[in-house]
Each structure stands twice: as C-alpha cells, then as structure tokens.
Amino acid sequence: MNGPRWLGVAGVAGATGVIAGAFGAHALKETLEPDLLAIFDTGARYHLIHAVALLGVALLALRDPGNVWLNRAGWAFLLGVGVFSGSLYLLALTGVRTFGGITPFGGAALILGWVMLVPAAREADSD
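For the sequence shown, the residue numbers in the numbering used here are 1 to 127.
Don't take every hint at face value.
Just the calculated beta-carbon pair ranges, DEER-fashion [stated by the list, open to error]:
| hint | residue 1 | residue 2 | range |
| --- | --- | --- | --- |
| 1 | Asp125 | Phe105 | 30 to 36 Å |
| 2 | Arg45 | Arg5 | 23 to 29 Å |
| 3 | Arg122 | Val12 | 37 to 43 Å |
| 4 | Ala108 | Lys29 | 28 to 34 Å |
| 5 | Lys29 | Ser126 | 48 to 54 Å |
| 6 | Asp125 | Glu33 | 46 to 52 Å |
| 7 | Leu112 | Arg5 | 16 to 22 Å |
These are computed hints drawn from the structure, not numbers from a lab. Since the model is a prediction, treat every value here as computed from it, not as a measurement. Glycine residues also receive a C-beta, built at the ideal position from the N, C-alpha and C atoms.
Taking the hints into account, I'd like the entire structure generated from these sequences.
What follows is the structure in structure tokens.
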C-alpha cells in the first residue's frame, strides 16, 4: 500500500478509535460492569495508540514509498488493532470470555509491527 492510502487507513483508525473511546466513556459507563468497561477501555487505548503508529507509517511511506518493511509494519499494526482491540470490544460487549483467547494474537501482531520498523529503518538508511 502507498503513503496516501496508509494516511487514509490511519485517519479511519484514528476516527474509529475516538468513537470507541467516547462510546466507552459515555454510553457504556452506566451499562457495563467495571471490569468489562476496563477491558473495553484497554481496547480503545491500544486502538488509538496504533492509529498514531499507522499515521507514522503513512508519513514515512510518503518519503520512502518503496520501503517493503514499512509496508509490512503497517499491515501488522492494522491486523493487530483489528484482532487485539476488536476481541476486547467483543469480550466487553458480550461478556463472552472466549474472545479473550484471541487477544494475544492481536498483541503479537502489534509487537511485530514495532519490530518491523527496525528493518524498515535499515532499508531507508541504505537508500
């Protein structure tokens, strides 16, 4: 994916992260048990943090459009947000603890995204 597309992805991720955070803080505050609300909030927090990471990928991809590792990092962040935050949202909203079983896979994808920035930096440095 190219820089402008990553910028669009980052924008959508940021907007949906803010929506999730506001939904948790206002609509769910009175309806969810405190432990489930905390789980939802964790999902929203990581969602927003990695929306900023996606913004970083987008801005760097605008400067270095052929950087394969940067693109891979973006995909890992995107997958990680979907699986990590998505599973926490589902767990909090449904109370079905089984959703928590897939959360670590999303966390691993988020970590992998950060790790992939190392070879992305090396690739950029070699240009």
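Evaluation of the provided hints:
The hint said 30 to 36 Å for the Cβ distance between Asp125 and Phe105, and at roughly 31 Å that hint holds. Separated by about 25 Å at the C-beta atoms, Arg45 and Arg5 satisfy the suggested range of 23 to 29 Å. Here the CB-CB span from Arg122 to Val12 is close to 29 Å, at odds with the stated 37 to 43 Å. Between Ala108 and Lys29 the Cβ separation comes to about 31 Å, which falls inside the hinted range of 28 to 34 Å.
With their beta carbons about 50 Å apart, Lys29 and Ser126 fall inside the hinted range of 48 to 54 Å. Taking 46 to 52 Å as the suggested C-beta distance range, the pair Asp125 and Glu33 conforms, at roughly 49 Å. A hinted range of 16 to 22 Å holds for the C-beta pair Leu112 and Arg5, which are about 20 Å apart.
Going down the numbered hints, you'll see the structure goes against just number 3.
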